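Novice: What follows is each chain in one-letter form.
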Amino acid sequence: MRDSDLDRILSNEEEILPSSGFAASVMEAVQREAAAPPPIPFPWKRALPGLCVAAITLVALLTASILLLLHGAPTQPIPRHWRAALNSAAAVSQNLGAAWIILALALSFASVKLATLFASTRLPRYERT
Amino acid sequence: MTASEDEAAVQQVLAGDTSAFEGLVRRWQGPLVNLAYRFCHDRGRAEEMAQEAFLRAYRSLSHWRREAAFSTWLFALATNLYCSELRCIPARLVTLDDVAEPRDPRAIDGGLEQEDQDRAVRRAVHALPAKYREAVTLFYFHGMDIAAASRSLSLPEGTVKARLSRGRAILRGKLSQHLVAPLLRKEA
Chain H
4 MRDSDLDRIL
14 SNEEEILPSS
24 GFAASVMEAV
34 QREAAAPPPI
44 PFPWKRALPG
54 LCVAAITLVA
64 LLTASILLLL
74 HGAPTQPIPR
84 HWRAALNSAA
94 AVSQNLGAAW
104 IILALALSFA
114 SVKLATLFAS
124 TRLPRYERT
Chain G
5 MTASEDEAAV
15 QQVLAGDTSA
25 FEGLVRRWQG
35 PLVNLAYRFC
45 HDRGRAEEMA
55 QEAFLRAYRS
65 LSHWRREAAF
75 STWLFALATN
85 LYCSELRCIP
95 ARLVTLDDVA
105 EPRDPRAIDG
115 GLEQEDQDRA
125 VRRAVHALPA
135 KYREAVTLFY
145 FHGMDIAAAS
155 RSLSLPEGTV
165 KARLSRGRAI
175 LRGKLSQHLV
185 APLLRKEA
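Protein chains in written order, with my numbering: chain H, 4 to 132; chain G, 5 to 192.
Hints are computed from structural coordinates only; laboratory data are not their basis.
These numbers were taken from a predicted model, which means no experiment stands behind them.
Treat the hints with care, as some may be off.
To spell it out: a stretch of chain H is covered by chain G in this simulated footprint if at least three of its residues, at any positions, have a beta carbon under 8 Å from a beta carbon of chain G; those stretches are [stated by the list, open to error]:
| hint | stretch |
| --- | --- |
| 1 | 15-29 |
| 2 | 67-73 |
| 3 | 110-117 |
With beta-carbon atoms standing in for the labels, derived distance ranges [as the list claims (entries may be wrong)]:
| hint | chain 1 | residue 1 | chain 2 | residue 2 | range |
| --- | --- | --- | --- | --- | --- |
| 4 | H | A39 | G | T76 | 27 to 35 Å |
| 5 | H | A118 | G | G20 | 45 to 53 Å |
| 6 | H | V115 | G | E11 | 29 to 37 Å |
| 7 | G | A19 | H | P42 | 51 to 59 Å |
| 8 | G | S169 | H | P42 | 39 to 47 Å |
| 9 | H | A38 | G | S88 | 49 to 57 Å |
| 10 | G | S158 | H | P42 | 24 to 32 Å |
| 11 | H | K116 | G | A166 | 31 to 39 Å |
| 12 | G | A24 | H | F45 | 27 to 35 Å |
| 13 | H | L65 | G | S64 | 37 to 45 Å |
We treat Cβ as the ideally placed atom computed from N, Cα and C, and that holds for glycine.
Let the sequences and hints guide you as you build the complete structure.
Specialist: This is how it looks when you write it as structure tokens:
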């Protein structure tokens, strides 16, 4: 088959006319869209401190784990002031339920992202007339 | 409606007059539905995809930079949507090997033979891998204009040319027997 044959056949594709109610249906959907309240944005300002703390903790834990694997357990005991700081941090996070807060934030973030994804990929279908 | 009227309508919509969008819909509904139809060959689905394209255009109207015509931006947006829609849910499950042979390559009725050839070519285009199918579809939709096709696909012209060339080579290979028989008869 030559290109000219392909050109001839594919240039003569049949044209279709949109159905009579198409424009009205689109406008109906557009009006619905315009009337809908704006989506609730993710509360970044409130979540940011928690997310930062979680990220720093995660990085610190990973670094400590890697160092432990590479060099083995520390031969010297942890200095007293470090131990006191760690104990107080552990007590505060236990009192506040930090693990639960981090888990709740992560779950909220995931659910908001999923909902946004689904809402953007699936739009309401119009009723054809 | 002209390009400047398109721009004026967009300004009105951005200023809060949603009803001004109707002029844009009425002007571009035909091309957008037809473009979708070329991708899926299903009238109902074509209209659904075109509606989705208009909604997306409405939502992102403020992102249209006046560097290109409104139609260029709209076609690029619609093409992007149609391509991703069809990659998620293909139009029909036809592989290149399943493309139908002509019912009777020795048919006496020229009209019927021609119809068979046309149908086989369209089915073969549908069965092309997505990137070649998109280039071929856009090229012919824009009246064999590479520049317009590349703008709609948001790809460099060279890439579109290469994909078009490869797509045509696949089609030629698959469909060679569809036109060989009539040519041989003509020569005889």
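Novice: Now look at each hint and say whether the structure bears it out.
Specialist: Each hint, compared with the structure:
1. 15-29: With 11 residues close enough to chain G, the hint holds.
2. 67-73: violated (count 0)
3. 110-117: Coverage by chain G is violated for the stretch 110-117 of chain H (0 residues, Cβ < 8 Å).
4. A39/H x T76/G: 27 to 35 Å: About 29 Å separates the Cβ atoms of A39/H and T76/G, which means 27 to 35 Å holds.
5. A118/H x G20/G: 45 to 53 Å: For A118/H and G20/G the Cβ distance comes to about 27 Å; the hint is violated.
6. V115/H x E11/G: 29 to 37 Å: 36 Å, holds
7. A19/G x P42/H: 51 to 59 Å: 22 Å, violated
8. S169/G x P42/H: 39 to 47 Å: 44 Å, holds
9. A38/H x S88/G: 49 to 57 Å: 27 Å, violated
10. S158/G x P42/H: 24 to 32 Å: At 26 Å between Cβs, range holds.
11. K116/H x A166/G: 31 to 39 Å: The hint (31 to 39 Å, Cβ to Cβ) holds, given that K116/H and A166/G are roughly 37 Å apart.
12. A24/G x F45/H: 27 to 35 Å: 32 Å, holds
13. L65/H x S64/G: 37 to 45 Å: Given about 40 Å between the Cβ atoms, the range holds.
In summary, the structure is inconsistent with hints 2, 3, 5, 7, 9 from the numbered list given earlier, while agreeing with the others.
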